[in-house]
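Peer 1: The sequence shown runs contiguously to residue 745 in my numbering.
Some hints here could point you the wrong way.
[To be verified] Computed list of lysine-lysine pairs in BS3-like fashion (alpha-carbon distance at most 27 Å, straight line):
| hint | residue 1 | residue 2 |
| --- | --- | --- |
| 1 | K425 | K415 |
| 2 | K744 | K425 |
| 3 | K624 | K563 |
| 4 | K518 | K563 |
| 5 | K441 | K574 |
| 6 | K518 | K626 |
| 7 | K415 | K480 |
| 8 | K626 | K425 |
| 9 | K480 | K518 |
| 10 | K425 | K540 |
| 11 | K232 | K305 |
| 12 | K492 | K441 |
| 13 | K492 | K482 |
| 14 | K574 | K518 |
| 15 | K576 | K606 |
| 16 | K415 | K678 |
Keep in mind that the hints were calculated from the coordinates and are not lab data. Please read these numbers as outputs of a predicted model, since none were measured by experiment.
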Amino acid sequence: MDTIVAPRKTVKKESFPVTGMTCASCASSVESILSHIDGVSQASVNFASNSVLVEHDPSVSPLDLQNALRSVGYDLIIDEENPSQAQEERQRQHYLEVRNRTIWSALLTFPVFILGMFYMNWMPGQWISLLLTIPILFYFGKNFFINAFKQAKHGKANMDTLVALSTGIAFVFSLFNTLFPDFWHARGIHPHVYYEAATVIITFISLGKLLEEKAKSNTSSAIKKLMGLQPKTLRAIINGEELEIPIASVQKGNTILVRPGEKIPVDGAVLSGSSYIDESMITGEPVPVAKIKGDKVFAGTVNQKGSFQFEAEKVGGETLLSQIIKMVQEAQGSKAPVQKLVDKIAGIFVPVVMGISIFTFIVWMTVGGDDAFTHALLTSVAVLVIACPCALGLATPTAIMVGVGKGAENNILIKDAESLELGHKVNAIVLDKTGTITEGKPTVTNLYWSEKAHEAYHAAVLLALETQSEHPLADAVVKKLKEKGVQRETLKDFDSLTGKGVKASDTAGKTYYIGNGKLMQEYQINIPQHIQQKAGEWQKEAKTVVFFSDDVEVLAVLAIADKIKATSRSAVEKLKKLGVEVYMLTGDNNQTARAVAAQVGLTDFKGEVLPSDKADFVRELQSKGKVVAMVGDGINDSQALAQANVSIAMGHGSDIAMDVAKMTLITSDLESIPKALKLSSKTVKGIRQNLFWAFIYNVIGIPIAAGILYPVNGFLLDPMIAGAAMALSSVSVVANSLRLKTTKI
1 MDTIVAPRKT VKKESFPVTG MTCASCASSV ESILSHIDGV SQASVNFASN SVLVEHDPSV
61 SPLDLQNALR SVGYDLIIDE ENPSQAQEER QRQHYLEVRN RTIWSALLTF PVFILGMFYM
121 NWMPGQWISL LLTIPILFYF GKNFFINAFK QAKHGKANMD TLVALSTGIA FVFSLFNTLF
181 PDFWHARGIH PHVYYEAATV IITFISLGKL LEEKAKSNTS SAIKKLMGLQ PKTLRAIING
241 EELEIPIASV QKGNTILVRP GEKIPVDGAV LSGSSYIDES MITGEPVPVA KIKGDKVFAG
301 TVNQKGSFQF EAEKVGGETL LSQIIKMVQE AQGSKAPVQK LVDKIAGIFV PVVMGISIFT
361 FIVWMTVGGD DAFTHALLTS VAVLVIACPC ALGLATPTAI MVGVGKGAEN NILIKDAESL
421 ELGHKVNAIV LDKTGTITEG KPTVTNLYWS EKAHEAYHAA VLLALETQSE HPLADAVVKK
481 LKEKGVQRET LKDFDSLTGK GVKASDTAGK TYYIGNGKLM QEYQINIPQH IQQKAGEWQK
541 EAKTVVFFSD DVEVLAVLAI ADKIKATSRS AVEKLKKLGV EVYMLTGDNN QTARAVAAQV
601 GLTDFKGEVL PSDKADFVRE LQSKGKVVAM VGDGINDSQA LAQANVSIAM GHGSDIAMDV
661 AKMTLITSDL ESIPKALKLS SKTVKGIRQN LFWAFIYNVI GIPIAAGILY PVNGFLLDPM
721 IAGAAMALSS VSVVANSLRL KTTKI
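Please put together the full structure from these sequences, using the hints given.
Peer 2: This is the structure in structure tokens:
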């Protein structure tokens, strides 16, 4: 009997830009909706790049996916020539719409607020307020009602539900009182209107949404800048002819020409020529690396003064730079922002308030006697008004805004609320070495002259040699000698000895050399014992040693190192006192890492670490339950910064590091880090206090609004007083947040 083999189903993988996502829960919703479509096997959202990767049967069209998302308020960009550009344009348009809505809401709310608070009994004022409130609620604030309706269709409630419910009820009740005031007059009650409560809520919440959108618009700028490190064209030698071709056309095995100052376009190996290449984006180390035939070169690194040809070995998505971009995207996308506490509470709070309001109405209709309907309506509306979300909506953003301002005063720029909320939980910090613990630039730390040297003349010769040298450490020597006021001597027959040093002759024909120990050995130049002793001491301190000699004997020895910042040691001590574990990672060799760690009081360190290793180390700490902060300044730190729970960039560092990081230290002072953690602790404490004040009014006010005191003393809370109580809770929240301004960190 023949076995019938079912044909394998082909699965298509397509990536689409998504619009309309504002938080991590939105990303989860998009995944959930798409995953439940027949024929879709998996949907994975990358919140960092606002895109979704969908695995589906060919029978499922992109239009099916788009329609499913549109039904709940999101959208897919399909059939566009440049979807990422279209997505960016839509996000920009959305931000402008939110901004315009907020500005117009605020402008129209101001007169409504003045009329409602100071001219509440002036009848024309009620009609003016009605006319101004209609566009605020049903045009500029329509999204709250639309989103609340969509949430309700799925049996959910959030902040939008609370906003729509309280403003909608306040408006309907006020509209009835404006149109039919005699209904209340006949019952001996003066009808109040609450237009100002409805409009103020819409304006405040819109302002919060605007701030969120502004932060969101910057999410992918780091990835765009990383992509910008790769040139769009390159010079390739094809069939013996030099041609400029697009980078997308380059193939493995092509010979590529790189000139001074150009970026390396793809990964490969040097075929001919030599140069120094700035590889700080990979290693983080400030000293450019010498490259000769056979050495590897990497995309995105920058050629210095020489020119060379190399063979392309890795192109497109295979290059190291492409891998860094991919890992930054994945790390940003995998890390969901902290779920807003307010939204969680609102999910429970809204149904509870609605239930209390309905229950209040039923109870009063049952036991209210002659005025049952009047009392039932007033008390149920009072419950909804006093439970309005103004204080709840202000609790977190006001504390965050004051915290961000306080950070700026202390040279700490905070880009989002998440890092400020998480900072106080940090119990492990990973520090990059170069540019973070150290200054990030080579400096001559020691210069020792032999007794046989004529210091004034030989210093002038040394300056002339280093001024002509292409070696990256030469600039440090030139700077040091110029600071001492040394003037350059005239030299001739200059010759660069790749990988070893340089030589030249003075006008008298005497030859001088500067370079490493290999150069001295090769030319059989004597190194006196006392010079050797000094060089050995400095090498133990992980300093780079350079010898200056004539053609017989070494005349001077120099030590060059990346100096440690003055405050690095004290900052490490302060972090340890806060109970934080401190680690140092560096691309430099283990000897240098050990020497630097010892000087700043660190026992946990790793040398010779690649960018991906740094991200892996952060991930390893997180797997042990640590809340990790990463501090760095270079492109090589961007993966680890994106992976960390809290990411901190040094202000003088690369734009990409600062874009990926959620906090940036304006100064290079590491002592700002313990300050940032203390600021987080104070801010979170303020948020918790604010939420307490926001709810204490509801805990006390809702039962009173429902009429719990009526059987005792005949007191019923007027909805107008309920509105004032709501305003008072908002004032107390703002006042409590402002206290943070005077707090010392």
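Peer 1: With reference to the structure, classify each hint as holding or not holding.
Peer 2: Now the hints, each set against the structure:
Between the alpha carbons of K425 and K415 the distance comes to roughly 18 Å, so the proposed pair stays at or under 27 Å and holds. Restraint check for K744 and K425: the C-alpha separation of about 19 Å stays at or below 27 Å, so the hint holds. For the suggested pair K624 and K563, the alpha carbons sit about 33 Å apart, so the restraint of at most 27 Å is broken. Proposed proximity of K518 and K563 is supported: the alpha carbons are some 25 Å apart, at most 27 Å.
Our distance criterion of 27 Å between C-alpha atoms is met by K441 and K574, whose separation comes to about 25 Å. Between K518 and K626 the CA atoms are separated by roughly 46 Å; this puts the pair beyond 27 Å, and the hint is violated. Of the pairs offered as hints, the one joining K415 and K480 is violated, with about 39 Å between alpha carbons and a cut-off of 27 Å exceeded. A C-alpha spacing of about 9 Å is found between K626 and K425, which places the hinted pair at or below 27 Å, so the restraint holds.
As the CA atoms of K480 and K518 are separated by approximately 24 Å, the hinted pair is consistent with the 27 Å bound. Taking the CA atoms of K425 and K540, the gap is near 38 Å; set against the 27 Å cutoff, the hint is violated. Distance restraint check for K232 and K305: the Cα-Cα separation of roughly 21 Å lies within the 27 Å cut-off, and the hinted pair is therefore satisfied. About 30 Å separates the Cα atoms of K492 and K441, which puts this hinted pair outside 27 Å; it is violated.
With a C-alpha separation of about 21 Å, the suggested pair K492 and K482 falls inside the 27 Å cut-off, and the hint holds. This hinted pair does not check out: K574 and K518 have alpha carbons roughly 43 Å apart, beyond 27 Å. Taking the CA atoms of K576 and K606, the gap is near 18 Å; set against the 27 Å cutoff, the hint holds. Using a Cα cut-off of 27 Å, the hinted pair K415 and K678 holds, with the two alpha carbons roughly 17 Å apart.
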